[in-house]
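Protein sequence lines, in the order shown, are assigned to chains P and F.
For the first sequence, the working numbering assigns the number 1 to the initial residue and increments by one for each residue that follows.
For the second sequence, the working numbering assigns the number 1001 to the initial residue and increments by one for each residue that follows.
Just so you know, the hints here were simulated from the structure itself, not pulled from any lab data.
Hints are supplied without guarantee of correctness; some may be wrong.
[Claimed, not checked] Far from chain P, by Cβ distances over 10 Å, these chain F residues were calculated: (1) Ala-1036; (2) Arg-1083; (3) Ala-1111; (4) Arg-1114; (5) His-1117; (6) Lys-1178.
[Stated by the list, open to error] Stretch by stretch, here's where chain P covers chain F in the computed footprint (C-beta under 8 Å, at least three residues): (7) 1066-1079; (8) 1121-1133.
Backbone N, C-alpha and C fix where the C-beta goes; we use that ideal spot for every residue, glycine too.
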Amino acid sequence: MSHKGYTLGCRQLAASLLLLGVSSAALVHAQDTDDIAALLEQSVVSGASKTAETAGDAPATTHVITSDQIRRHGIRTLAEAIDYLGRGLMTQDPLHAVEIGGRGVLLAGDFGIHVLLVVDGHALNEAWGGASYYEQGAGIPIELVDHIELVLGPGSVLYGSSAMLGVVHVVTKRAKDYDGVHAILELGASPAQGKGGRFSSVSPKYLGTFERPAIGWGGTLRLFGKPVELTAQAEYYHHHGASFEWGPQPALNPDGSPMSFGPKSPPGVWGGRTTSAYSTDVPTFYAKLQAGDLSMNVRATQYRRVTPYSNPLYFPDFDDPNSFERDRWLTLEAQYLLTLSTGVALTLRAYADTYDYLYRVPLSDPAACTVPNPGPCVKDYIGKATWGGWEPRFHLDWFRNGSFTTLLGADVRVRRIDASSEERDLASDALLGSSNVFGVTQLAVGAYLQQRWSPIAALHFNAGARYDYDPRGGGALSPRVAIVWGPWVGGALKLILADAFRSPNTYESEFRPDQNLKPETVRSLEATTEQQFGRHRVAFGVFRNWWRDMISAQTRADGEPFYANAAQIKNYGFDAVFEGTMGDFGYGLGATEAFTRTQTPAGEFPLPVAPSLFGNARISWDAPGVLPTSALALRFVGSRLADRGLDGGFLVTPRTPPEVGFRLALSDSFWKESSWSWRATGDFVTSSNSPYVVGPTQYVDPGDPTPAELAPVNRLTVFVTLRYEASPTP
Amino acid sequence: MFSWSRRAGATLARALLFWLAINPAIARADQVVVPAELQADLIGKVAAFDRNFSVRAAGRALVLIVTRAGSAESELIAGQIARALRQLPSIGGLPHSEVTLVFENAAALAAACREQHVAIVYLAPELNATLPAIAQALRGVDVLTVGSSPDDAQMGTVLSFDLRDSKPRMIVNLAQAKQQNVAFRAAVLTLMRVVQ
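With the hints as constraints, model all of the structure from the sequences given.
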């Protein structure tokens, strides 16, 4: 080696070392920035323990759906958010009220009573039947949603009845995050469908359409010179169609005469094309006020829907738009945080709700009327509930540093429930008779205690229990124990044991006086692990659930129906999620698989309608320049047994094949820094049916080869959203 | 009966309005939204990205946690942040210690920062009314000020924390940072929302 060569080699070596040093320094900073980015990606939740904490520290598996994800994927409802962006929970649309289930358990026709829906701390499950809705009928303007916390597993320890599968906790935006005036117009369409899910027409006569005009406002007002934040939105959602083809299904009365389904279907036959009997109307108003430690919210909504097929209990006229269901709510809540001393605070929460339900069924066939009548009649099924409550909550921070804290609360609720069935003459509206008239005023109470202990930063213990007494079903104790350990940076291991319950609803408990129903209960044991690395997060969990005393309709030896705690459900499985962002790209992938069996006196069976496998995947791209933001999401659901799959007696067991739903959304502003923006969204589903048997042929005699007809799926929807946002501050 | 109900309603409404008017809690706008442990983690990481932090700290970072006298919430958050900070192995890569100080006035706070070579001042809640005066007094003082509430950076701290979409956000007041000799690297500024 020459001297010159040696010198060059030294220079190269020095330059390389310098470059390596600079690169290493840059790498260190990049890694550190990744650490900060990871911290900034941690979701702060409050649904699991009623205390603000990171999702990784929460004493329950908690998945967060953000408003940014909702907006870029063109999400319109809680159900869509859960299906395309959620974890552990899923929904199904039988063209009626959307059904929610999760982790292998979905109880068909339960109206969402096994999940607690909470908005800004207020439980929306109504007091008459316990129903909660996840489609537009939820009455929650989607633009107001800041984030949705899916708290998986039993949650009765703090929330009481219904939190069996989990708690869907919706947190709406504060005024600073919804600043100014917001005007939204959403328009969509779906083509008519024939048998087998084929698209049959885009003619305006058969086209399904929907529209949603909305106006919202957020800002800070001065009241007595003090700042008061107000966020509010009013909207009206209306959809009509699409048109579907049904039947024909032959139907006879018990005496052998042909059943009548009104003027749109020939005598003795149910079926044809529906053009009128599939619609929804939902006017909604929601407002939230925040003034220092005082917060108030009000929600008023009506959910009127016409379903295009008869359900297993009633057979209204075919394609009759006058047969409808209607839910109405008015909810009020006020909450005030009072700091009594260092480490002692008291939250005073008061709430009042009123709700009513009407199911109107016009019947052209007098034979279908209960009260003898020479002509057609109308049946009205009516439920009303008014309830109010008071929930004081003490927060004790024993060492004044957050390491050992106690939450002690009580919930005292008074409710008035009324229900009746009325039958009227269709022509004259004269009352023919009333039945099942019922009215009661009840007091339900609950008390809970939660202890959190964090001996070191990486270790959290959470133990608590709640005792509820409800005249419907008696007492129920719901304990929960959780250990959360962060053994390394960004990692968390959780072990959770929790119980939950559901008190019988009014319909079940009052069906017969001699039933002595107990609450349904569930016990869950789950272990989860989460790891955050930079802007990426992976989580995996396994669970085992024992559901006991499940309430179901039974038939006595004398043929009389009644409700009983008749079934158990056992299931186990896993769920996993992988999500994050890379530069302008966002992605997510989640899946849940469960093995579920229901045990009844008749034996052990798979659970109808509930999928054992479901999940979702998504990707989005914030394109630079003039290109719009693009977002593609898909949801998948495995094969499912239909609701009449076990008891319908069909020779070919009805079930639906695996289903994949795709959603593509493109969005942008009309021009740079414009107040006007647009979004175009398309939704396509591969399958043509959902697992619900429709029409009067719900059951067949042994050997009868008549196949089951399954409800169609609205396979294609396209819609555009136009939005104007005038914010007073940049 | 009707007139009694009307009178009772009017009395109740007046009482409510009076309560709204006099209740100091209704006026509070400085609620802490990001949990103390997460704030502490962010402070510990972000400090390393202040070019002047290691010189300012001189080998050991002193964190001064300032509370408002007589405020239970201020004391509570101060206790929580102090514990969370103490559990960090380092702040900005340096060993550290925490001291709590009851706020007297802005000038005294500035003097304490100079005399004790404070690296970070954490301002607990319920000091928002005094933040402009504190910002004024700390001009020319080499210190990183951190506010506990979202609007604090807008009102004069160098850094504060907010929550949006359930995720924490850092807010930086660059003008005040310059006045207090805080110079964040560009890499971390891209993760912050800049005000002023």
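Reported absence of His-1117 (chain F) from the contact zone with chain P (all CB gaps over 10 Å): holds, 24 Å
Exclusion check [Arg-1114 (chain F) not at the chain P interface, CB over 10 Å]: At about 29 Å from chain P, Arg-1114 (chain F) clears the 10 Å cut-off, so the statement holds.
Assertion that Arg-1083 (chain F) lies outside the chain P interface [Cβ separation over 10 Å]: violated, 4 Å
Chain P versus Ala-1111 (chain F) - minimum CB to CB distance exceeding 10 Å, so not interface: holds, 27 Å
Whether chain P covers the segment 1121-1133 of chain F (at least 3 residues having a Cβ closer than 8 Å to its Cβ atoms): violated (count 0)
Assertion that Lys-1178 (chain F) lies outside the chain P interface [Cβ separation over 10 Å]: Since the minimum Cβ distance to chain P is about 21 Å, Lys-1178 (chain F) lies beyond 10 Å and the statement holds.
Within 8 Å of chain P (C-beta), three or more residues of the segment 1066-1079 of chain F: Satisfied; 5 residues make the cut.
Status of the stated non-contact between Ala-1036 (chain F) and chain P (beta carbon gap over 10 Å): violated, 6 Å
The earlier numbered hints that this structure contradicts are 1, 2, 8.
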